Amino acid sequence: MDKPHIHVTRVKYCVGVKMRDKLAIFMIFALIIQVQPVCAAATPQEITIDIQSDGVASIAYLFPAEATSLQTNITLLGDNIENLFIVNEHSLPLEYVEGDEIAVYSLGSSLVNLTYLTPDLTSKAGIIWSLELDSPISTEILLPTGATIINLNNIPLEIDTVDDRTQIIMPAGHIEVSYTVNILDSETLAEDAINEAEEAIQSAQLIGVIVEEAEYLLFNAENLYQLGSYLEAEEKASQAIATVNTLIEAKQTAESKLAAADAAINAAREAGRTNGLDEAEGLYASAVDALESGDYDQASMFADQALEAAVSASKTTDYTMFLAGIAIVAVLVGVYMFTKKKPESTSVPDRIEFDLERLFDEHPELRIEDREVLRYLAENDGEAFAYDIRERFDIPRTSAWRMVQRLQRFEVVDERKVGGQSLINIKPVYRRKQ
Numbered sequence: 001m002d003k004p005h006i007h008v009t010r011v012k013y014c015v016g017v018k019m020r021d022k023l024a025i026f027m028i029f030a031l032i033i034q035v036q037p038v039c040a041a042a043t044p045q046e047i048t049i050d051i052q053s054d055g056v057a058s059i060a061y062l063f064p065a066e067a068t069s070l071q072t073n074i075t076l077l078g079d080n081i082e083n084l085f086i087v088n089e090h091s092l093p094l095e096y097v098e099g100d101e102i103a104v105y106s107l108g109s110s111l112v113n114l115t116y117l118t119p120d121l122t123s124k125a126g127i128i129w130s131l132e133l134d135s136p137i138s139t140e141i142l143l144p145t146g147a148t149i150i151n152l153n154n155i156p157l158e159i160d161t162v163d164d165r166t167q168i169i170m171p172a173g174h175i176e177v178s179y180t181v182n183i184l185d186s187e188t189l190a191e192d193a194i195n196e197a198e199e200a201i202q203s204a205q206l207i208g209v210i211v212e213e214a215e216y217l218l219f220n221a222e223n224l225y226q227l228g229s230y231l232e233a234e235e236k237a238s239q240a241i242a243t244v245n246t247l248i249e250a251k252q253t254a255e256s257k258l259a260a261a262d263a264a265i266n267a268a269r270e271a272g273r274t275n276g277l278d279e280a281e282g283l284y285a286s287a288v289d290a291l292e293s294g295d296y297d298q299a300s301m302f303a304d305q306a307l308e309a310a311v312s313a314s315k316t317t318d319y320t321m322f323l324a325g326i327a328i329v330a331v332l333v334g335v336y337m338f339t340k341k342k343p344e345s346t347s348v349p350d351r352i353e354f355d356l357e358r359l360f361d362e363h364p365e366l367r368i369e370d371r372e373v374l375r376y377l378a379e380n381d382g383e384a385f386a387y388d389i390r391e392r393f394d395i396p397r398t399s400a401w402r403m404v405q406r407l408q409r410f411e412v413v414d415e416r417k418v419g420g421q422s423l424i425n426i427k428p429v430y431r432r433k434q
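Taking my numbering, I'd label the letters of the sequence shown as residues 1 to 434.
It should be emphasised that the hints constitute simulated quantities derived from the structure, not laboratory data.
Keep in mind that this is a model prediction, so the values were computed, not measured.
Where hints are given, some of them may not hold.
[What the hints assert, rightly or not] Restraint ranges, calculated between C-beta atoms of paired labels, are given here:
{"id": "1", "residue 1": "E357", "residue 2": "E308", "range": "25 to 33 Å"}
{"id": "2", "residue 1": "V311", "residue 2": "Q202", "range": "37 to 45 Å"}
{"id": "3", "residue 1": "Q202", "residue 2": "Q421", "range": "20 to 28 Å"}
{"id": "4", "residue 1": "T188", "residue 2": "T253", "range": "31 to 39 Å"}
{"id": "5", "residue 1": "Q202", "residue 2": "L84", "range": "47 to 55 Å"}
Beta carbons: idealized from backbone N, C-alpha and C, even for Gly.
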């Protein structure tokens with residue numbers, strides 16, 4: 001009697017499972033039918049654009065959503081999107097996926113509230129800001145505090161003031177709004193920047209910095225200020241300040257490199273490494289010239305080269321000294337033979353004389369110090385080493401180098417290398433005829 005009872009129970013259980021599966025399948029089909037379509041493209045109900053003073057726009061969208069749609073696709077204004085935040089009508093955050101459109105998972109929601117920041121809707125030309133966009137519906141625009149509307153491409157639907165800010169509602173379609181912000185503040189900022197630039201230039205001049213480039217920028221800033229282009233004036237003045245700081249740093253760098261080169265040249269001379277030292281001195285003089293003219297980058301370059309040449313300078317070779325010794329011996333032998341041949345003669349060799357009066361007449365442009373050096377050369381048979389000239393007149397290396405270069409340009413002296421040093425001599429054309 002028990003077995004038939006058990007058999008009947010199993011049959012009922014199996015039938016119950018089959019009925020439950022059928023019910024589940026039916027419910028799934030019903031759900032699929034209800035959530036069609038899977039996604040829907042949305043047109044906003046409201047668009048509000050809140051423009052900040054720096055041109056960044058805070059945008060708020062309000063979209064209707066199909067409660068039975070899995071997602072809502074939304075096209076945003078602007079490409080650079082920041083601080084994107086999406087909630088539903090209950091202020092609950094909604095998940096989304098970014099792409100060409102924003103796909104918002106809005107199943108069960110009737111509204112989608114979306115906010116974000118973008119700098120792409122505004123541009124600036126001088127003191128004029130411009131807002132430009134295409135909107136599918138009428139759009140509420142809130143301008144920055146203190147903004148003044150310059151131009152609208154269309155008649156607004158409404159203009160109002162909210163918390164001292166201009167609010168306009170523009171019709172759907174292409175929207176262009178031009179405005180200025182805080183003209184009085186811009187004027188003050190420009191004036192402050194110009195004053196700061198003037199002070200920076202004056203301070204730099206006190207320490208010997210050549211600031212012609214910065215002065216030119218300041219001149220432009222002052223002109224722009226007079227024309228009412230305050231933002232451009234502020235920008236030029238700021239550039240002048242930055243240029244002054246750059247020039248000060250460049251001058252300090254050049255001076256440091258010149259000091260290193262000078263020390264290397266002096267060390268080479270004290271060590272007797274005079275071979276090639278004239279090249280270092282010439283480069284050093286060029287560096288000084290560049291420094292004095294305000295070309296600090298060029299001065300640094302020449303100073304580096306002078307330092308390298310001074311470090312590379314070497315002592316005069318033994319071969320050169322040997323030749324110099326032979327020359328001295330030859331001179332002594334010649335003198336001895338001359339005196340032996342004519343013992344009765346007590347005269348000394350005639351000195352070479354130079355017609356300095358003619359030289360000075362032909363070159364009235366010569367400076368006083370140039371004439372003194374030429375007299376010194378004439379007293380020494382028309383020649384002397386550059387080092388001796390510096391020692392005799394106690395003049396700096398660079399000044400002596402410039403003087404020699406100047407006399408060479410006037411074609412009154414020649415320069416040649418002897419034992420690694422510069423020998424300066426008056427041109428033979430100015431010798432007196434015996």
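Please name the hints from earlier in the document that this structure breaks, with their numbers sorted from lowest to highest. 1 and 3
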